[in-house]
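Peer 1: If you read the protein sequences in the order shown, they are chains A and B. Counting from 1, one number per residue, gives the positions in the first sequence under our numbering. Counting from 1, one number per residue, gives the positions in the second sequence under our numbering.
Bear in mind the hints are in silico, worked out from the structure with no lab data behind them. Where hints are given, some of them may not hold.
Only pairs whose alpha carbons sit at most 25 Å apart, straight line, appear in this in silico DSS-like list of lysine-lysine [claimed, not checked]:
| # | chain 1 | residue 1 | chain 2 | residue 2 |
| --- | --- | --- | --- | --- |
| 1 | B | 302 | A | 99 |
| 2 | A | 293 | A | 337 |
| 3 | B | 302 | A | 337 |
| 4 | A | 248 | A | 229 |
| 5 | A | 248 | A | 293 |
| 6 | A | 229 | A | 293 |
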Amino acid sequence: METSVSSMHLPLQRTEPHGPVVPGLQIPELDQCVHCGLCLTQCPTYRVTRLETESPRGRIHLVRAAGEGRISTGERFAEHLNLCLMCRACETACPSGVKYGRIAEAAREVIGPPGSALSRAVARLAFTQLFPRLGRMRVLLRLLRFYQRSGLRAVARVLPRRLREMEALLPPVPARFFTPEAEVLPAIGTRRARVGLLNGCIMPLLFGDINAATVRVLRRNGCEVVIPKGQGCCGALNVHNGETTAAKAMAKRNIDAFLAAGVDAVIVNAAGCGATMKEYDHLLRGDPEYTEKAARFSALCRDASEFLADLGLTGPLGPVDMTVTYQDPCHLAHGQKVRAQPRQLLAAIPGLTLIEMEASDRCCGSAGIYNVTHPEMSRTLLDEKMTSIGRTGAEAVVAPNPGCMLQLRYGAQRAKAGTAVYHLMDLLDQAYQAAEDDAGRARA
Amino acid sequence: MKVMDRRTLVARLREVVGAPHVLTRPEDLVVYEQDAFLVAHASPDIVVLPGAAAEVGTVIALARAAGVPVIARGAGTGLNGGSIPVAGGLMLVLTRMNRILEIDARSRLAVVEPGVVNIDLSAASARDGLFYAPDPGSQGVSTIGGNVGNNAGGPHCLAYGVTGNHVLGMEVVLSSGEIMTVGSPAVDAPGYDLAGLLVGSEGTLGVITRITVRLLRQAEAVRTLLAVFETIDDASQTVSEVIAAGIVPTAMEMIDAVVMRAVEAAIHAGYPADAGAVLLIEVEGHVQALPGLMERIAAVAKRHRPRVLRQANSARERELLWKGRKEGAGALGRLAPSYYLHDGVVPRTKLPEVMAKVAAIARTHGLVIGNLFHAGDGNLHPTILFDPRQPGMLARVVQAGEEILRACVAAGGSITGEHGVGIEKREYMRWLFTEADLQAMRRVKDAFDPTGLLNPGKLLPDVMSSGAQADVKSPAFSVRPRAGLWS
Ligand SMILES: Cc1cc2nc3c(=O)[nH]c(=O)nc-3n(C[C@H](O)[C@H](O)[C@H](O)COP(=O)(O)OP(=O)(O)OC[C@H]3O[C@@H](n4cnc5c(N)ncnc54)[C@H](O)[C@@H]3O)c2cc1C
Ligand code: SF4
Ligand code: SF4
């Protein structure tokens with residue numbers, strides 16, 4: 001028998017709901033997706049797998065179906081959502097303005113952190129006990145530094161392959177952590193702004209020199225820099241891994257600390273943190289006490305490159321003779337739509353040549369803890385990235401985000417390429433330093 | 001005949017293509033229940049992602065032995081529901097077969113697997129100063145196989161012709177599982193034009209596993225004009241008169257006020273959000289010839305009170321304007337949770353008249369209709385914006401859509417310009433063809449696919465039961481119940 005389905009009946013053959021609807025997944029952002037597929041080829045995981053389930057449109061469809069109770073939110077659903085890098089390239093590609101990040105975050109809130117039961121437990125522990133308490137983080141990193149210097153590292157060779165690879169991802173812990181000499185550091189020259197700086201969780205420990213460089217560059221540009229003591233980790237990893245309760249507490253702490261500091265802008269030199277902080281207003285929606293404060297705070301947040309390019313660089317820049325290529329960090333290009341400003345700043349450095357690579361805004365596979373949870377996909381993307389970088393012939397790659405820097409250093413090591421990896425603030429600082437040295441020599 | 005049970009079929013499929021490429025769990029299948037046609041869904045029972053033609057052959061033979069329908073799918077950007085498995089069955093997703101096998105710059109042709117993304121072919125041939133001409137709005141994602149399946153068009157097909165004009169030959173797997181070659185690089189091959197038959201066959205005659213296409217030499221120069229009008233009518237008149245004057249631009253696209261609002265929000269291409277309509281007109285050729293040609297076009301436009309005539313000043317500006325046009329459909333999600341994008345053709349002289357009718361239909365039904373389309377070809381895409389959760393809404397939308405297509409046919413046009421028939425328009429085929437015409441087509445289908453397992457429920461309307469009058473009013477889509485696949 002044939003049923004004619006006229007205009008009065010929908011030609012639906014959807015699988016029947018077999019489970020309860022999941023209200024946490026029935027979010028309005030889903031409605032904006034019109035299933036056009038224009039995002040598919042911009043998605044790194046679709047490019048590798050060519051599977052609809054590993055594409056933005058597919059993941060949105062999965063969330064919709066799970067919300068309707070048509071598929072389970074169990075292991076398989078979680079696998080598809082967790083293979084997503086949260087790079088948000090799909091948001092850039094989507095003409096319909098779908099906020100994919102919010103859809104994925106809602107899904108991760110339902111499924112919890114990725115990985116095996118053990119790694120989930122470890123991740124939970126880290127998200128709730130480590131990132132919110134930076135004192136503990138310092139202790140842990142000190143232990144790691146001791147381990148790396150003690151010769152114990154040789155022992156790592158006997159570890160199982162998976163652990164050995166994770167061990168290789170660990171960067172050397174620098175001898176000194178970043179500790180600002182005061183909470184408020186004066187501007188050099190005429191004061192143009194009073195800005196707050198996010199010190200971050202990992203940044204002062206693993207990339208202390210970059211925070212120091214950022215402070216110097218800001219001060220040289222007439223900024224009085226406040227590094228409020230009350231601040232903490234931004235909570236990005238918590239948000240991305242479905243640990244919103246801890247994330248909210250961390251957000252409130254930063255909002256309080258920076259609003260009390262009375263700054264014109266909150267400067268962030270880690271793209272992932274910036275993207276999260278610019279969305280505190282969304283994270284804390286529905287919290288009456290913080291709705292307004294969070295909106296005010298988010299409006300103040302600026303990536304260091306965004307802020308400096310808009311302010312306009314001042315002071316003499318000396319030459320940095322180097323050819324570089326620029327990697328757009330996902331959470332800067334896609335998450336914050338900041339693309340032109342870092343390039344403007346690079347162009348301002350005398351002696352420096354920028355050679356663009358192919359698909360500079362495609363994820364390098366770092367993606368927070370992704371390189372640990374999904375080493376295979378991560379390495380596939382990294383190797384592709386290193387090939388693109390290699391093709392430019394540049395001596396160095398600039399990637400203003402700590403996660404990308406770690407990943408690209410690991411990539412350079414894997415590819416046995418001598419490519420150096422810099423933060424943009426590093427190079428600006430070098431340029432200012434070069435000018436100062438020149439001036440010093442001229443005086444001498 | 002004892003049909004193979006599902007477990008055996010799945011086990012055999014895994015042997016053929018490898019376990020990771022056979023999907024059977026609901027959390028893997030559900031995403032294949034829909035393409036870019038927003039008003040229908042049906043889930044496949046099994047999804048297979050083959051890696052080579054030989055695998056496709058074996059999979060199809062197995063499916064036939066099991067009595068299971070086979071539905072080919074590329075990127076799933078089709079707008080007629082062509083890849084929706086209305087009768088369930090096995091879906092062959094060809095996205096893994098995405099190698100460009102050969103680019104022969106001297107003979108100006110390329111040999112590709114069906115899953116190659118349209119734009120990747122143009123990018124690869126650009127090194128030799130060549131390009132692949134058919135450029136559907138979905139070219140950044142849609143596959144050459146899917147383009148052939150629907151005989152896709154695109155803005156520049158006004159001058160270059162649609163997909164079918166660029167396909168030289170194909171390797172195709174028949175419903176028996178045999179592999180066959182059709183067409184040849186020769187201009188006039190002897191025998192039946194089977195390649196011509198397979199283009200636009202929407203996966204109902206065979207599954208294409210390799211395609212030889214023509215490449216063109218990039219033009220020496222290109223100029224792009226943005227002409228802004230206060231009304232759709234002024235823009236439509238301009239299109240009719242440009243064509244009547246014997247000018248053939250490479251592209252002549254229209255975007256109306258509704259769509260422009262969404263496009264501008266998405267792309268920031270510099271479209272005037274408050275104008276009635278814009279035309280995007282492009283000409284290509286020798287550097288010296290272009291200014292004169294542009295002047296002639298501008299002279300026609302000026303007779304219709306243009307607000308602005310602006311040429312793109314840089315490659316970047318041109319690219320942005322095109323991005324706005326091509327991704328326009330996707331941008332409509334900003335205006336409403338769903339849309340029904342229609343695809344009709346009218347003689348270009350009738351454009352102003354039919355556009356007025358479309359507007360009248362929108363008013364009668366109290367619907368918002370946006371327009372972005374290949375005006376130079378007379379290929380309309382009236383797009384009805386709606387919220388499917390509003391009670392009774394879908395009925396109104398379908399009704400209005402039918403009236404629009406009827407207006408196209410009444411004006412001497414057709415029910416599809418480039419998106420194909422799929423499940424969407426198979427009943428409307430009766431408006432254009434007599435039962436005898438349709439019977440002839442069914443015999444072609446039977447010759448290729450005697451068991452009727454290749455993409456069932458698409459393209460052709462079912463045989464009318466004796467005595468029944470062609471009720472062309474109500475049955476818009478039809479879906480078979482999925483009884484007894486493996487019972
Ligand atoms: C934003 C947007 C803009 C668009 N713009 C245009 C446009 O300008 N012009 C235009 O013509 N279309 C346009 N389309 C429609 C669509 O993109 C085209 O029809 C395209 O050709 C579909 O390709 P696909 O790879 O997505 O194929 P699918 O949608 O997966 O399949 C299309 C049909 O081809 C069949 N098929 C797929 N692969 C094979 C194969 N290997 N062998 C046999 N049959 C096969 C399928 O069964 C199906 O019937 C647009 C769509 C969107 C979403
Ligand atoms: S966030 Fe990145 S990986 Fe995830 S769906 Fe979007 S494009 Fe793909
Ligand atoms: S997310 Fe955007 S681009 Fe992707 S399918 Fe949905 S509407 Fe289209």
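Peer 1: Taking the hints in turn, state whether each one holds.
Peer 2: To see whether the hints hold, each was checked on the structure:
About 42 Å separates the Cα atoms of residue 302 of chain B and residue 99 of chain A, which puts this hinted pair outside 25 Å; it is violated. Proximity of residue 293 of chain A to residue 337 of chain A is assessed by CA-CA distance (about 23 Å); at most 25 Å being required, the pair is judged to hold. Between residue 302 of chain B and residue 337 of chain A the alpha-carbon distance is near 39 Å, which puts this suggested pair outside the 25 Å criterion. Distance check on the hinted pair: residue 248 of chain A and residue 229 of chain A sit about 19 Å apart at the alpha-carbon level, within 25 Å; holds.
Taking the CA atoms of residue 248 of chain A and residue 293 of chain A, the gap is near 13 Å; set against the 25 Å cutoff, the hint holds. Of the pairs offered as hints, the one joining residue 229 of chain A and residue 293 of chain A holds, with about 19 Å between alpha carbons and a cut-off of 25 Å not exceeded.
In this structure, the hints that do not hold are numbers 1 and 3, in rising order.
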